[in-house]
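Chains as they are written, first to last, in the working numbering: chain A, 38 to 391; chain B, 4 to 267.
These aren't lab readings, by the way, just hints derived from the structure by calculation. C-beta: ideal position from N, C-alpha, C; glycine also. Some hints here could point you the wrong way.
Label pairs and their in silico Cβ distance ranges [to be verified]:
hint, chain 1, residue 1, chain 2, residue 2, range
1, A, P232, B, V31, 23 to 29 Å
2, A, P232, B, N30, 21 to 27 Å
3, A, D166, B, G145, 35 to 41 Å
4, B, P253, A, M72, 51 to 57 Å
5, A, G81, B, V218, 33 to 39 Å
6, B, N30, A, G216, 18 to 24 Å
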Amino acid sequence: MKGNEAFAEAVIRAGADGYFGYPITPQSEVMEYLMAEKPHERTGMVVLQAESEVASINMLYGGAACGKKVLTSSSSPGISLMQEGISYLAGSELPCLIMDAMRGGPGLGTIQPGQADYFQLTKGGGHGDYNLIVIAPSSVQEMYDYVEISFDLAFKYRNPVVVLTDGAIGQMMEKVYIGDQKPRLTEEEIREKYPWATLGKTPDRERNIITSLDLDPYRQERHNLHLQKKFKEIEENEVRYEELNCEDADFIIVAYGTSARISQKAMDIGREKGLKIGIFRPITLWPFPKKEIRALSEKVKGILTVEMSAGQMVEDVRLHASEKIPVEHYGRMGGVIPTPNEIVEVIENLFVKG
Amino acid sequence: MSDTITKEQIFKPENIVYKKTDLMTDNVLSYCPGCGHGTTHRILMEVIDEMGLQSETIGIAPVGCSVLAYDFMNVDMQQAAHGRAPALATAIKRLLPNKTVFSYQGDGDLAAIGTAETIHACNRGENFTTIFINNGIYGMTGGQMAPTTLEGMKSSTSPYGREWHAMGHPLKMTELVARLPGTYYVTRQAVHTPAAVRKAKKAIRKAIELQQQKVGMTFVEVVSNCNSGWKMTPVNANKWMVENMFPFYPLGDIKVDGKLVKEV
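Build the full structure now, drawing on both the sequences and the hints.
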């Protein structure tokens, strides 16, 4: 299965209620797969092609505010368009899933893979103080597995969750273990589980209002403090990462998604040459594995981040790594994917010969 | 004294000629005295109340003067980003087809920043009701030119009057959406006199009833005044509205049962 298809199948099986999207390369297969699969017949799930990414993200707002499991998928320029809506979703504390298959930018850029949306998704992107939970799969299996996990996190914290991937993983074909079909929640179940949902005011409760607005500055500050508390809780409890050969490593490559896959090959080549390379792969880009980077940096000689960008995640690595070791960045841009040999060469030049 | 009538004697059910609907909260309206929002809120809530739909209704508040509509309407409400109410309403109605859903939007929200969402929701024939308040100006931000501002009309961003060569023509959004196959009932009303209020309420009732039949978009424009934005007294604002707004935005049904009843 292709990564994009695995993602789409996982969405149906996770018991999602609605997908709202707008076509954009390299992830249009998600909506195509969903439309072809007729999820309205399989589970009653709604799939709607909206008039724009702006409309899509606001459709998520409407659906999420009713306690429904909703999602969209897009690619970098489309995500830029959604940022206003994402800010509203975070401000109104609405759960939803947003998949971003990153491409090279800026502007229309290219349809080839990129990883330059790190800043716009892990640092906010829209206006106001908020964070998104950002998960970066690096295999087709993870494209499948993280759908349900993301929905669970979104509802647990009432916050949007982003599955951050790229065209390479979306198009890549791998074997996938597929889970069972989860039932969609009934209206009664939603009323029970999510008492905040706007499903119609019944005599037993006050009306529900979903809004991010409060014109009273002190109440608005209180709301912000509440959000910050929630983000702190997420940072404490939801960090995910993977370590490969870090125990005996002299040099660590920090990379996520496609770059992590390529770096694995670089690690193998390096180790054959006698370079003790390990890989640290953040799975959650936010919350970022700060403590783990710190601990690791205290026992190695150097860290290299590999990203398909001019160096975005490297800022977070530098912020948390020990200042006693060099933290360098290697990246390609414009849709160019770095090769394993390039990466090994960079490590040799920076840390061994240097 | 035996001939004094007590309060208890007056407040008998049979003596009550008017009672505020429970679907309007007791919060003091944030609207300027004389503004049409309050009346439109009330008749919309009366319709939902009379039809027994409170527990099945979800409303969308826009950005604009009526951003706080949820403070006054005692139904479940969502507050949308500027112009995006039709996208929210679309999703709600698709996910919960049997709910009663309305979007309540002003002219800046619906006819400027939200034009795309409005046109496409209408064109898809989404089964919700749009309440469109048109007062030809941006009220909340302090009286700037709106897409619906009349030619020659002064606003804070057209201080010498709207001049179409530079500022474009006023947009008749309601006539525009009436031409789309997805709209089923399109009408233009006002709430400046008791007779107009009764008519407008009937139109809203019809729109909500048609929504239950899932026949497509039901769209009710309410031409209103903005006495503070127009810098007039409420009485003069209504007079000015009748003399200037109504000739350009004529009242009455535009599309009934999916058929145009007026040349647009």
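Outcome of the hint check:
no. : hint                         : verdict
1   : A:P232 to B:V31: 23 to 29 Å  : 28 Å, holds
2   : A:P232 to B:N30: 21 to 27 Å  : 22 Å, holds
3   : A:D166 to B:G145: 35 to 41 Å : 27 Å, violated
4   : B:P253 to A:M72: 51 to 57 Å  : 43 Å, violated
5   : A:G81 to B:V218: 33 to 39 Å  : 22 Å, violated
6   : B:N30 to A:G216: 18 to 24 Å  : 48 Å, violated
Hints 3, 4, 5, 6 from the list above are not met by this structure, while the remaining hints are.
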